[in-house]
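According to mature numbering (1 follows the signal peptide of the UniProt record, and there is no 0), the stretch in the sequence shown is residues -23 to -1, 1 to 173, in order.
Some clues are possibly wrong.
Stated by the list, open to error - SDA-like, lysine to any residue: derived pairs with alpha carbons at most 20 Å apart:
| id | residue 1 | residue 2 |
| --- | --- | --- |
| 1 | K106 | Y124 |
| 2 | K83 | S115 |
| 3 | K83 | D161 |
| 4 | K38 | Y124 |
| 5 | K68 | K38 |
| 6 | K68 | V112 |
| 7 | K106 | C88 |
None of these hints come from the bench; they were simulated from the model.
Here the structure is a predicted model, which is why all the values come from computation and not from measurement.
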Amino acid sequence: MINPFIRSGVVCILFLISISGFAKTEQAIFAGGCFWCMEADFDHLPGVISTTSGYDGDTIKNPTYEQVSAGGTNYAESVLVEFDSNKISYKQLVDYFFRHIDPTTKDGQFCDQGRQYRSAVFYLNNEQKNTAETVKESLKHTFSELYTEIVPTTHFYPAEEYHQNYYQKNPIRYKYYRYRCGRDARVEEVWSHETH
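Taking the hints into account, I'd like the entire structure generated from these sequences.
Shown next, in the form of structure tokens:
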């Protein structure tokens, strides 16, 4: 006869394994200006598992922050979002992304200017491409010009460790930067016609 404690433990382990099997982890990559801000915005979204600040949009191997921020590459500051697609869809992420940037600005976002701060959806497959294009198309009735690029990922490189979770590691500097850059005020102005 099996000890009741062992039987209970086995049942609990099997239950936990079955629950974890339901999570469907997928990835998405977005560029919306400063990656510190994009990471903070996505981290607060239910269904997002993790975020990583990094670079996408060029083919130079192992880019550094110094190279990218100086504008010496075609990389954009980006964020890799891992999400549970059972809790949030890719379309919902794209909608959320657009509503946390200024898609009417070319080659920059807020106080950060240059292609390294452009807005872009770096899609990983044709389904993501079609979804992002559909969302962008739906916004054309609101905005006369949309500069957010929808392009395939070239290769996502994580940024240096000191950039990861910057808003948590350096909350005062981060909040000051975000405020001085005018990000939230501009997003509110751009999207003020919407009720959500």
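These are the hints, each one checked on the structure:
1. Of the supplied pair hints, the one linking K106 and Y124 holds, its CA atoms being roughly 16 Å apart against a limit of 20 Å.
2. The suggested pairing of K83 with S115 holds, with an alpha-carbon distance near 19 Å, which does not exceed 20 Å.
3. Between K83 and D161, the direct Cα distance comes to roughly 18 Å. Compliance with the 20 Å bound is thereby established for this hinted pair.
4. Of the supplied pair hints, the one linking K38 and Y124 is violated, its CA atoms being roughly 26 Å apart against a limit of 20 Å.
5. A hinted pair counts as satisfied when its Cα atoms are at most 20 Å apart, and K68 with K38 does not qualify at roughly 30 Å.
6. Straight-line distance between C-alpha atoms of K68 and V112 comes to about 7 Å, which keeps the hinted pair within the 20 Å bound.
7. Between K106 and C88, the direct Cα distance comes to roughly 28 Å. Violation of the 20 Å bound is thereby established for this hinted pair.
The structure is inconsistent with the numbered hints 4, 5 and 7, although it conforms to all the rest.
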